[in-house]
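Peer 1: What follows is each chain in one-letter form.
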Amino acid sequence: MYTFSSKLKTFSFILMALGVLGIGYGFWTAPKNTQDVEKILAAEEQHHGGHATAEAGHEPHHEAATAVEAPHGTEQNAVVPAATDATTTAAAFPAADSVHAVAEVPQHDVHADADKHTVSEADHHKEHEEHLEHVLHQLQNKPWAALYVACIFFMLIALGVLAFYAIQYAAQAGWSPVLFRVMEGITSYLLPGSVIFFILLLLCGFHFNHLFVWMDPEVVKVDRLIQGKSGYLNVPFFLIRAAIFLIGWNLYRHYSRKYSLLQDGANDDLYYKKSFKASAAFLVFFIVSESIMSWDWIMSVDPHWYSTLFGWYVFASFFVSGITVIAFFTLYLKSKGHLEYVNTSHFHDLAKFMFGISIFWTYLWFSQFMLIWYADIPEEVTYFVTRIEHYNLPFFGMVAMNFLFPVLLLLNTDFKRIPWLIVMAGTVILCGHYLDFFNMIMPATVGDRWFIGVSEIGSVLFFLGLFIFVAFTALTKESLLAKRNPFIGESKHFHY
Amino acid sequence: MSNKVIYAIYNDDDVLMDAVKQTRAAHHHIEEVFTPFPVHGLDKAMGLAPTRIAICAFLYGLVGLSVATALMNYVMIEDWPQDIGGKPSFSYIQNMPAFVPIMFELTVFFAAHLMVITFYMRSRLWPFKTAENPDVRTTDDHFLMEVAVHGNEDEMVTFFQNTGAVEVKVIEKH
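As you go down the protein sequences, you meet chains A and B in turn. Sequential numbering of the first sequence, starting at 1, is according to our numbering. Sequential numbering of the second sequence, starting at 1001, is according to our numbering.
Distance condition first, Cα-Cα at most 20 Å in a straight line; then the derived EDC-like pairs of lysine to aspartate or glutamate:
id, chain 1, residue 1, chain 2, residue 2
1, B, 1087, A, 376
2, A, 32, A, 129
3, B, 1004, B, 1032
4, B, 1169, B, 1018
5, B, 1173, B, 1146
6, B, 1044, A, 414
7, B, 1173, B, 1154
8, B, 1087, A, 379
9, B, 1087, A, 380
Hint data in this document are derived by calculation from the structure and do not stem from the laboratory.
Turn these sequences into a full structure, and let the hints guide you.
Peer 2: Listed below in C-alpha cells is the structure:
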C-alpha cells in the first residue's frame, strides 16, 4: 500500500492556496468598466510612447480584414493615425468580441461608406467608446480564459490517461498491466476535474463571462454566420452535449476501476472480460465524443472558423500530455520504491509513446497549418494570421517545445531509459501542450491582451495542486499492483 | 599453426544459447554462429558490440535534410524567385511550409536508403556473392557454432558434445 507522503500533500495544498490567490487576484484586478480601461490604456500609452499601443490594440481587425497580403507589414500600420485605425476597429467590434473580422464584412462596408463622409466629432467619440468596450471585454475575459485553459488542460490530461488505459486493455498489452493502478490513480482526477469544468461551462452559459461569443444574444442578433450555426451552437444543447460526454467518460472510469479491483479478488477472469468489453465500447464512444468535445469547448470560441482535423489535433495534444503524466507518476513512485516490478523497459516504452505521439501531434499541427496557409482562403486563414501576429513566440515556441525538443532528446534508445532525461523532456512537453491550449483559447477570448501572468500561472498552480492531491489520494486507496490481471505475469517480466 | 575449427551443430535455439554461454565461460573463442532465424539475445550472449547503424541513419537523415533545403533554397528562392500563385518567394522561411513535405521525404529517403546500403557493405552482401554456408542445414532447422581449435582437440570435442550438440565436426579451414 502506498501512503501519501505528507510533504507532497503539503506541497499540493500550497499549490492550491497560491493558485486560489492568483486566480482571485486576476479577477480582482480585471477592469470593472470603461473608465478603468481608459486609465489602463493611458498608462500603457505613456509606457510605450503611444505608438506601440495604437499598433497593438488596433491590429487584429485591420489585419484580419486584409488577410495575409501583409503578414509582415505590421510596421506600416504603426504610422496610421490612431483615429482612422479606431474606425476600423470600431466597425469590427460590435458584431463579435472575437478577434477576427471576416464575418463582419457587411458592417465593415457600411462603415467604409461612412468613412468617406467626414467623421464628425460625435462619431469619433462613439467609436472611441466602442473601442474601450472592446478592450474591456478582452480584459474581463482574461482571468476567465486563464481559468478555462488550465481547467480543460488538466481534465483532458486525465481523459488522455483514461484513453490510454482503455487502449491498453483493448489491445491486451503485455507490458503495461503493472502500470494500471498508476493510471487508475491519475484518472481519478477526471471526476472532480469534469465537475469543475462543467460548472465553468454553466457560468459561461449563464453569461457570467464572455468566453463564448456565440452565447451572447446581442452578438448573435447582428452576426448572420453565428445565426446560421445556432441550431448547433445554442446554450441548452451545448450543455446537454457536455453533460453526456462528461457522464459517459466518468462512467467508464468508474466501472473500469471497479472491475479492476474486483478482478483482484476473483477466481476467474469474468471481470477482466467485462473490462475488456467496456474499454472497447468506451473507445468508440470516446472518439466520437472527443471530436465533438473539441468543436464545442475549443473550436467554438472562434465561431467563425472551422477545421476538419481539429478533433484529432486536440486529441493528440492531450494524449501525449497524458502519457507524459503517466511517466512522471511512474518515475516518482518508482524512485520512492513503490513499484517493485517496474523496470527501465517500462520507462522505455512510455518514452517511446511520448516520442511517437509528439511527432503525431506535430504531423497534425503542421497538416492543419500548412493546408490553411497554402490555400490562403481569407475566412480560414485569419485564425493563423492573428496567432502569428500576436502570439508569435507562443505559437512557434510551442512547435519547438512539442516537436524539436522531444525528437532530439528521445530519439536515442539509451536516453529513453534515463529518468532525468524523461523528466526533462516530459516537462517541456507538458509546458508545450499547455501553451498549445493557451494558443487555441486565448486569441479568441483576450486577443492581443494576452500575457502569462498572475492569473494564468495561478490557475495552473491551482489545478496542478488539485491534480496531485486527488491522484495521489486515489493511489493510497489500493495496492499499486493489479493482482489477477491475466497479463500481469508477462508485464512483471517485461523487458525490451 | 593449424587452422582447424570445430563445428558444433545444435537443433534447438535454447540449447544453442546455453552452449554459447558455456563456451564463453570456458574461454573458447567463438568465430561465428549460423542460425536459420534471428535468435533473441544471441548477440548479447556472444558479447557482440552493439550496432551503430542507427547513428549512421540519423546522420544520413541530416544529409537528406540539408540536400532538400539547399536544393529548394537555390531553385525556388535564389535562382529564379518567380511568383507562383502568390506564394512568397522572398526568403526560404517565408515559403517554408510548402517545402516541408519534400524536406521530410528526402530526409527519410536518404536515411533509409543509405542505411540499407551501409548494411549491405558492412555485412558484405551483393547479388553475385558466393554463399558462405558451412552446412546447408543451418538455413533450415540447425544451428551451428564455429570455434577455433586451440590446445587439446579431443578435450574440446568432448566439451562441445557435453553442451548438447547433435554433431561435432573438426574441419581444416583454408
